[in-house]
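Colleague: Sequence:
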Amino acid sequence: MYVVTVSLTAVAGRAAELRAVLAENAARSVADEPGCRRFDVCETEGAPGRFFLYELYDDRAAFDSHLATPHYAVFRDRSAALVQDKEVQTHVLDPR
Numbered sequence: 001m002y003v004v005t006v007s008l009t010a011v012a013g014r015a016a017e018l019r020a021v022l023a024e025n026a027a028r029s030v031a032d033e034p035g036c037r038r039f040d041v042c043e044t045e046g047a048p049g050r051f052f053l054y055e056l057y058d059d060r061a062a063f064d065s066h067l068a069t070p071h072y073a074v075f076r077d078r079s080a081a082l083v084q085d086k087e088v089q090t091h092v093l094d095p096r
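Oh and the sequence shown: position 2 is 2 in the UniProt record's numbering, straight run, nothing missing.
Each hint should be verified, as a subset may be incorrect.
Unchecked claim - Between beta-carbon pairs, the in silico distance windows are:
id, residue 1, residue 2, range
1, G13, D59, 36 to 46 Å
2, D94, V11, 13 to 23 Å
3, V11, D58, 29 to 39 Å
4, D59, R14, 31 to 41 Å
5, Y54, V74, 17 to 27 Å
6, V88, D58, 17 to 27 Å
7, R37, A12, 29 to 39 Å
8, V92, V11, 30 to 40 Å
9, A61, G13, 19 to 29 Å
10, A47, Q89, 14 to 24 Å
What the hints assert, rightly or not - List of simulated lysine to aspartate or glutamate pairs, DMTMM-like, C-alpha gap at most 20 Å:
id, residue 1, residue 2
11, K86, E24
12, K86, E33
13, K86, D32
14, K86, D64
15, K86, E45
16, K86, D58
Keep in mind the hints are simulated off the structure, nothing from the lab.
For clarity, every value in this text was computed on a predicted model and none was experimentally measured.
Cβ atoms here follow ideal geometry from the backbone N, Cα and C, with glycine treated the same way.
Given only the sequences and the hints, what does the whole structure look like? Please build it.
Modeller: Right, here's the structure in full:
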């Protein structure tokens with residue numbers, strides 16, 4: 001399994017908009033992508049506008065396919081002006 005974690009912060013005053021586009025991308029990813037097993041959108045307690053994403057894919061190829069979907073392109077374009085900073089990390093889930 002391939003895990004992607006993303007930490008991001010909304011531009012001041014744009015958290016609600018970012019929350020909505022994150023939720024839409026997550027829902028479409030799980031519904032439309034056979035290789036996407038989980039996509040959680042979390043908001044940091046006590047820090048409105050600070051988000052953490054946990055995404056679980058079958059493998060790296062499934063994640064690469066996610067990046068090529070039309071709904072991800074819409075998300076990328078809509079979120080560009082809403083994100084102040086972003087950090088992406090990738091991990092391989094130990095099958096033990």
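Colleague: Would you mind marking each hint as holding or not holding in the structure?
Modeller: Right, here's what the structure says about each hint:
{"no.": "1", "hint": "G13 x D59: 36 to 46 Å", "verdict": "38 Å, holds"}
{"no.": "2", "hint": "D94 x V11: 13 to 23 Å", "verdict": "36 Å, violated"}
{"no.": "3", "hint": "V11 x D58: 29 to 39 Å", "verdict": "33 Å, holds"}
{"no.": "4", "hint": "D59 x R14: 31 to 41 Å", "verdict": "34 Å, holds"}
{"no.": "5", "hint": "Y54 x V74: 17 to 27 Å", "verdict": "21 Å, holds"}
{"no.": "6", "hint": "V88 x D58: 17 to 27 Å", "verdict": "19 Å, holds"}
{"no.": "7", "hint": "R37 x A12: 29 to 39 Å", "verdict": "34 Å, holds"}
{"no.": "8", "hint": "V92 x V11: 30 to 40 Å", "verdict": "32 Å, holds"}
{"no.": "9", "hint": "A61 x G13: 19 to 29 Å", "verdict": "38 Å, violated"}
{"no.": "10", "hint": "A47 x Q89: 14 to 24 Å", "verdict": "19 Å, holds"}
{"no.": "11", "hint": "K86 x E24", "verdict": "18 Å, holds"}
{"no.": "12", "hint": "K86 x E33", "verdict": "23 Å, violated"}
{"no.": "13", "hint": "K86 x D32", "verdict": "25 Å, violated"}
{"no.": "14", "hint": "K86 x D64", "verdict": "19 Å, holds"}
{"no.": "15", "hint": "K86 x E45", "verdict": "18 Å, holds"}
{"no.": "16", "hint": "K86 x D58", "verdict": "24 Å, violated"}
In terms of the numbered hints stated before, the structure departs from hints 2, 9, 12, 13, 16, listed from lowest to highest.
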